[in-house]
Amino acid sequence: MDKVTRISGRALPLDRADVDTDQIIPASYLKRLERTGYGDGLFAAWRKDPTFVLNDPRYAGAVVLVAGPNFGCGSSREHAAWALRDAGFRAVIAPSFADIFRTNALRTGLVPARLERAQVDRLLAAVAADAGTEIEIDVVAARVRVPSVGIDAPLDLDEFTRWRLTEGLDDIGLTLRHEADIAAYEARRPAWMPQVGRTT
Amino acid sequence: MAEPDVLYVDLHLVHEVTSPQAFDGLRVSGRAVRRPDLTLATMDHNTPTDDRTPDDLARKQIEALVRNCDEFGVRLYPLGSRDQGIVHVISPQLGLTQPGMVIVCGDSHTSTHGAFGAIAFGIGTSEVEHVLATQTIAQARPATMAITVDGDLPAEVSAKDVILGIIARIGVGGGAGAIVEYRGSAIRALSMEGRMTVCNMSIEAGARAGMVAPDDTTFAYVEGRPFAPKGADWQRALDEWRSLAGDDDATFDREVRIDAAELRPYVTWGTNPAQSAPIDGVVPDPDAFDEPSKREAARRALAYQALRPGTRVRDIGVDAVFIGSCTNARIEDLRAAAGVVAGRRVRSGVRALVVPGSARVKEQAEREGLDRVFREAGFEWRNAGCSMCLGMNPDVLRPGERCASTSNRNFEGRQGPGGRTHLVSPVVAAATAVKGSFALPSDLA
Ligand code: SF4
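As given, the protein sequences belong to chains A and B, one line each in that order. In my numbering, each residue carries its 1-based index in the first sequence increased by 47. In my numbering, each residue carries its 1-based index in the second sequence increased by 79.
Some clues are possibly wrong.
What the hints assert, rightly or not - Per the computed footprint, the stretches of chain B lying under chain A, defined by three or more beta-carbons under 8 Å from a beta-carbon of chain A, are: (1) 128 to 141; (2) 382 to 391.
To be verified - Derived Cβ-Cβ restraints for the label pairs, each shown as a range: (3) B:107 / A:177: 19 to 25 Å; (4) B:396 / A:97: 50 to 56 Å; (5) A:179 / B:129: 50 to 56 Å.
Since the hints were made in silico from the structure, they are not lab data. Note that beta-carbon positions come from the ideal geometry of N, C-alpha and C, so glycine has one too.
Start from the sequences and build out the full structure, keeping to the hints where you can.
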């Protein structure tokens, strides 16, 4: 994974609650075998509406998506995070995230930044009024800053998660540091637990 | 620096849509599947359920799964196999899902397996790769939440209505960050298949997972299945499993209590699973919601669904009925639905589909003659798969079509672009197919 230390730029306001991953990318776009190439599927159904905010040229080049609570609910498809990345987004700011989406985003290097509801509402209003509103997410210092609306809030990510992001570490490699513990646990598992059986 | 806990994964279920990139990742980094013997693959999402051929992209994904399983030594139940089916239907049926296990799958409805007192949750593709490589998953400790449903369920109220009723009360984010334990006499009284229906939709309340403490109902279901422990091992397993249930007076971070007598058969009117009304009710007025975001969501939902506030639910006509999905396509669901349609006809103009959850469920239903009952009533009888649950394979709604569906998600376009989904139980779906508008079995003459 690429290192993620600091994200700064403009934002796209999506003032909706419970945005589900079927909206972020519909199932018909999930047939690829790769991790990239999902940008076209991003909000594919909503984008058919010419007034949908993603079609607004003022927000072209936005790197942060600002949305309502429970963002990314529904399906576990990591394609939702991939589609956002492919479309140029590096972070999502929302009052809350669905658990699986949040994990997927972090695995993909897309930063899920949780802010209080009132702050998100303020940010949505500011970005709607001025598409040039600049946002900075400093992963190293764990801050979210929007100077024009006076937001300077903590980035709600634990130290371990930030370390992984800022160093661009491989999760599998991190876990395999515990190989001895995993093997010891594995040796203690009861023999009656089910095994599907190897095919080779 | 605190690290998340690392949980050992006892069973990893794999399907064609969320796994190709994970296997590729292994290849790129030169890693093997650590425990192919604890990994099982099937194909369900992309696959046609009739004799149509999958489109090119779908076929590539199906072929990739075959290749990957072959290369990495993972057992696969492919299309055409007697054991193929929706991943969450086949594992319990094989006896692979057992109490106390940690089960993951690149699919959010993995929560289904919690019905056995397992910790079971959905993961994304990067985590699929992580589990393939390490047989573990890193997890922060979730919050605990108890949802207690006490009392007797009223007539015509099924497990599906229990979970729709729960989600209506706590909301689509009501379980966020938590593992939910379903407790109380109404839950205990459910069959294993009913408990699976409830746990299946935990994710629709945003919960990490849902579970029911294992009891004699659980053990009786598991016993004798192909992968269940046998002989002396069965006793060892039972001793272990009996120790798993929490205490009656256990405390939880969050608690919700529901009186079973208050539950009704529900029909969702909106575009998320919390937006439902009792079948005797009406489509609500968005202005009646206190919270602005709920009001706005209801307004958007009614516009998408082409519904007017105040419309009686029973007056809403449907174009299609889908009985299927990992929520409601097990044998008891099909029996219940067949019981309603036996000797009746699907209303003319309504397209009605029954899609068994697995090839084994289909086989069993055919042994019992349920396929004939459905066919004679005018239903299409299909092969096992996810089918019209997700708008990915050839079974989709046409734009503007309205469907009574036993599946779990009514998101915009979930069953096909522009399609309108109403989630219901199998008996309501069956009665609705006959009537042409939402109905209970007791509404049928
Ligand atoms: S039936 Fe529907 S919800 Fe269940 S696994 Fe298939 S697509 Fe997902």
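Structure-based check of each hint:
1. As drawn, the segment 128 to 141 of chain B meets chain A at 5 residues by the rule of a beta-carbon pair under 8 Å; at three or more, the given contact holds.
2. Coverage of the segment 382 to 391 of chain B by chain A is violated [criterion: at least 3 residues with CB-CB distance below 8 Å; count 0].
3. Hint check: residue 107 of chain B to residue 177 of chain A, Cβ distance near 43 Å, so the stated range 19 to 25 Å is violated.
4. The hint said 50 to 56 Å for the Cβ distance between residue 396 of chain B and residue 97 of chain A, and at roughly 31 Å that hint is violated.
5. Separated by about 53 Å at the C-beta atoms, residue 179 of chain A and residue 129 of chain B satisfy the suggested range of 50 to 56 Å.
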